[in-house]
Amino acid sequence: MPVNPELQGRVFAPTAPYLVGREKIREFSRAVLATSPLNNDPDAAKAAGYADIVAPPTFPIVIQESTLAQLLAEPDAGIDFTRVVHGDQRFSYTRPIVAGDELTATLAVTAIKSLGGHSMVTSESTITDQTGAHVVTAISTLVVRGDE
Amino acid sequence: MIAELGEIVAEKTYRLTRDSLVRYAGASGDFNPIHYRDDVAESVGLPGVLAHGMLTMGFAVQPVVDWIGDSGKILDYQVRFTRPVVVDRADGAEVTVVAKVGALTDAEIRIDLTVTFADQTVLGKAQARVSLA
Numbered sequence: 652m653p654v655n656p657e658l659q660g661r662v663f664a665p666t667a668p669y670l671v672g673r674e675k676i677r678e679f680s681r682a683v684l685a686t687s688p689l690n691n692d693p694d695a696a697k698a699a700g701y702a703d704i705v706a707p708p709t710f711p712i713v714i715q716e717s718t719l720a721q722l723l724a725e726p727d728a729g730i731d732f733t734r735v736v737h738g739d740q741r742f743s744y745t746r747p748i749v750a751g752d753e754l755t756a757t758l759a760v761t762a763i764k765s766l767g768g769h770s771m772v773t774s775e776s777t778i779t780d781q782t783g784a785h786v787v788t789a790i791s792t793l794v795v796r797g798d799e
Numbered sequence: 743m744i745a746e747l748g749e750i751v752a753e754k755t756y757r758l759t760r761d762s763l764v765r766y767a768g769a770s771g772d773f774n775p776i777h778y779r780d781d782v783a784e785s786v787g788l789p790g791v792l793a794h795g796m797l798t799m800g801f802a803v804q805p806v807v808d809w810i811g812d813s814g815k816i817l818d819y820q821v822r823f824t825r826p827v828v829v830d831r832a833d834g835a836e837v838t839v840v841a842k843v844g845a846l847t848d849a850e851i852r853i854d855l856t857v858t859f860a861d862q863t864v865l866g867k868a869q870a871r872v873s874l875a
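Chains as they are written, first to last, in the numbering used here: chain A, 652 to 799; chain B, 743 to 875.
In short, the hints are calculated from the structure, not lab data. C-beta: ideal position from N, C-alpha, C; glycine also. Mixed in with the good hints there might be a few duds.
Calculated lysine-lysine pairs in the DSS-like style (CA-CA distance at most 30 angstroms, straight line) [what the hints assert, rightly or not]:
hint, chain 1, residue 1, chain 2, residue 2
1, A, K697, B, K867
2, B, K842, B, K867
3, B, K754, A, K675
4, A, K764, B, K867
5, A, K675, A, K697
6, B, K754, B, K867
7, B, K842, B, K754
8, B, K867, A, K675
Distance windows between CB atoms, simulated [to be verified]:
hint, chain 1, residue 1, chain 2, residue 2, range
9, B, D830, A, P656, 25 to 31 angstroms
10, A, L723, B, A832, 31 to 37 angstroms
11, B, E836, A, L766, 31 to 37 angstroms
12, B, K754, A, G672, 43 to 49 angstroms
13, A, D727, B, A849, 43 to 49 angstroms
14, B, D808, A, R796, 20 to 26 angstroms
15, B, G748, A, V662, 30 to 36 angstroms
16, A, D694, B, D833, 36 to 42 angstroms
17, B, I744, A, L723, 44 to 50 angstroms
18, B, G748, A, D727, 48 to 54 angstroms
19, A, D694, B, D781, 45 to 51 angstroms
20, B, R822, A, A759, 33 to 39 angstroms
21, B, I744, A, A759, 22 to 28 angstroms
22, A, D727, B, I750, 45 to 51 angstroms
Could you put the whole structure together from the sequences, leaning on the hints where they help?
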């Protein structure tokens, strides 16, 4: 079943606020082999001018995950998760994420394309902090493989 | 942090094991079984258990972070996932990252990453824009 082309332009409800914990950043840092003191040591991060430890550049995937779950759960989307592969990913920052941030993400489907039986779903998750200020936009293309 | 166009600013090889994948699954919340179960990977036609693309994207930028000394200076980071990294249950997988200056202005620098596994590139258009401010 092809992906519903009418998904293009759809904007989802903002996700529940995600409180970024210091230990979560440390756990994620260990997982992506990030050894910088700024990702682990609050004193080092403060000395560099940050309020608390800094999340590695790909950390927003943790928050983006909940927006992609919204997309995959959309009843009329026609997206079979077992056929989904990650095509590309991008993070565009206004400022880095630090421990203590409370972040909300809003997903918009920006493009649906068909290519050789596959569908490509591009979405943007705009992530803002507790003051409403932009932090980072996570842009993702999912490739939904067609029947082979 | 002075660099010239075309200069290689960092180079590093990472060894992934199945343990790395389980750790990343927990940290990221991505529990797709193709990243830890051989039988499931095989049943969907994959050559074996694969590293999460986002894990590869995550460590591939670390040599750049170590070079600039501050992950907060990364303005933009993008990759295209072109080939899977198959992680052998006994031997794991070795992934090499080469970071090269792709563009340079007074305000920022673009680092282009070449990420290879088994002599093949696994990420396309892997670029990080770094603030020089």
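For each hint, the structure was consulted:
no., hint, result
1, A/K697 with B/K867, "33 angstroms, violated"
2, B/K842 with B/K867, "12 angstroms, holds"
3, B/K754 with A/K675, "25 angstroms, holds"
4, A/K764 with B/K867, "20 angstroms, holds"
5, A/K675 with A/K697, "18 angstroms, holds"
6, B/K754 with B/K867, "18 angstroms, holds"
7, B/K842 with B/K754, "12 angstroms, holds"
8, B/K867 with A/K675, "29 angstroms, holds"
9, B/D830 with A/P656: 25 to 31 angstroms, "41 angstroms, violated"
10, A/L723 with B/A832: 31 to 37 angstroms, "34 angstroms, holds"
11, B/E836 with A/L766: 31 to 37 angstroms, "32 angstroms, holds"
12, B/K754 with A/G672: 43 to 49 angstroms, "28 angstroms, violated"
13, A/D727 with B/A849: 43 to 49 angstroms, "44 angstroms, holds"
14, B/D808 with A/R796: 20 to 26 angstroms, "36 angstroms, violated"
15, B/G748 with A/V662: 30 to 36 angstroms, "42 angstroms, violated"
16, A/D694 with B/D833: 36 to 42 angstroms, "39 angstroms, holds"
17, B/I744 with A/L723: 44 to 50 angstroms, "46 angstroms, holds"
18, B/G748 with A/D727: 48 to 54 angstroms, "49 angstroms, holds"
19, A/D694 with B/D781: 45 to 51 angstroms, "46 angstroms, holds"
20, B/R822 with A/A759: 33 to 39 angstroms, "21 angstroms, violated"
21, B/I744 with A/A759: 22 to 28 angstroms, "40 angstroms, violated"
22, A/D727 with B/I750: 45 to 51 angstroms, "49 angstroms, holds"
Against the hints set out earlier in the document, violations occur for numbers 1, 9, 12, 14, 15, 20, 21.
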